[in-house]
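**Q** The chain contents come next:
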Amino acid sequence: MSFLKRFPPPAEGVRHQQPDTEAVLAGRGLGAGTLYIAESRLSWLDNSGLGFSLDYPTISLHAVSRDLNAYPWEHLYVMVNAKFEEDDAKEAPMAEGEEEEDDSDDDIEPIAEFRFVPSDKSALEAMFSAMCECQALHPDPEDEDSDNDYEGEEYDVEAHDGMEVDIAPAVAGQFEDAEVDH
Amino acid sequence: MEVSHSIKERTIAENSLVILLQGLHGQVTTVDLRDESTATGRITNVDAFMNVRLAEVTFTDRQGTVSHLDELFVTGRNVRYVHIPDEVDIRATIERQLQAIHRVRFFGGRDKGRKEFPRAKHK
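For the record, the sequence lines run as chains D and W.
Under the UniProt record's numbering, the first residue of the first sequence carries the number 1, and numbering increases by one thereafter.
Under the UniProt record's numbering, the first residue of the second sequence carries the number 1, and numbering increases by one thereafter.
No lab work stands behind these hints, which were simulated from the structure alone.
Keep in mind that this is a model prediction, so the values were computed, not measured.
For every residue, glycine included, the Cβ atom is placed at its ideal position computed from N, Cα and C.
Take the hints with a grain of salt, since some may be wrong.
Unchecked claim - Okay, the calculated bits of chain D under chain W, using three or more residues with CB under 8 Å as the criterion:
#, stretch
1, 54–67
2, 127–138
What the hints assert, rightly or not - Straight-line alpha carbon distances no greater than 20 Å define the calculated DMTMM-like cross-link-like pairs of lysine to aspartate or glutamate that follow:
#, chain 1, residue 1, chain 2, residue 2
3, W, Lys8, D, Glu133
4, D, Lys83, W, Asp61
5, W, Lys8, D, Asp140
6, D, Lys121, D, Glu74
7, D, Lys5, D, Asp46
8, D, Lys83, D, Asp55
9, D, Lys5, D, Asp55
10, D, Lys83, D, Glu113
11, D, Lys121, W, Glu56
12, D, Lys121, D, Asp67
13, D, Lys121, D, Glu22
14, D, Lys83, W, Glu36
15, D, Lys83, W, Asp35
16, D, Lys121, W, Asp70
17, D, Lys5, D, Asp20
18, D, Lys83, D, Glu109
Model the full structure from these sequences, guided by the hints.
**A** Laid out in structure tokens, this is it:
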């Protein structure tokens, strides 16, 4: 797997760590290792120290799957909006086209499906929740549709104690000339 | 009635239709994802960024394969549509959520507690 690299496990902001967890990419097992659910990124390292990291903004969704008809082991499913090449040109092609399998219909959107299978199935809840928390720390910076641009002061309630923050009247006043016809 | 603990998130929710989705906690709902897969399950949480957490999910991937997931978290960015159940009274849901936010905001009475906004001059 050419995308596997050697790096030290994350030391800070690790919300959950799950040893003895197999990583599977697009149906191919990568071996046993430890999953680190850290605030900055999701990392997995096999027992020899090789692994990969996923950035939360690239993760579309994650889930707990206990449906043994869909996949024979209970696991944490993670869908990533990125391409993971299993082999680069140097190596003999193994399951060639395997990474294409899932997105043959869709040239626009690269998708990689990871499954993390812990030997301790009871840890899945904690793994899922830790990921939800970390994901929430990385809101979509490209979200331009929403009017999330509020003039700063109303967040700093403590700092502006006693000071008039004149926001609400402006907002309420917006509709003063609206037709009240209902 | 679940209201975010974050002032920023309450402000965002109050000023967008995310507040409607937050009012759907506990309802079985179908979410269409950006990649054309769909997830039907019970909403357990929606945050201000429209990240949706569902339980007891029937997930249909973009190839049409159906599987069941105990819990699913979809990032807001990947939500295309949320099918509001027919039986939901949309206006009442929004008003209920706004009331919940205002109760948190004015905790302690009109002139006590933290003020996120001064009292509105107009109702």
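**Q** Does each hint fit the structure? Answer for all of them.
**A** Results of checking the hints against the structure:
no., hint, verdict
1, 54–67, "holds (count 9)"
2, 127–138, "holds (count 5)"
3, Lys8(W) to Glu133(D), "holds (16 Å)"
4, Lys83(D) to Asp61(W), "holds (18 Å)"
5, Lys8(W) to Asp140(D), "holds (15 Å)"
6, Lys121(D) to Glu74(D), "holds (7 Å)"
7, Lys5(D) to Asp46(D), "holds (10 Å)"
8, Lys83(D) to Asp55(D), "holds (13 Å)"
9, Lys5(D) to Asp55(D), "holds (15 Å)"
10, Lys83(D) to Glu113(D), "holds (10 Å)"
11, Lys121(D) to Glu56(W), "holds (17 Å)"
12, Lys121(D) to Asp67(D), "holds (13 Å)"
13, Lys121(D) to Glu22(D), "holds (12 Å)"
14, Lys83(D) to Glu36(W), "holds (18 Å)"
15, Lys83(D) to Asp35(W), "holds (15 Å)"
16, Lys121(D) to Asp70(W), "holds (13 Å)"
17, Lys5(D) to Asp20(D), "holds (19 Å)"
18, Lys83(D) to Glu109(D), "holds (9 Å)"
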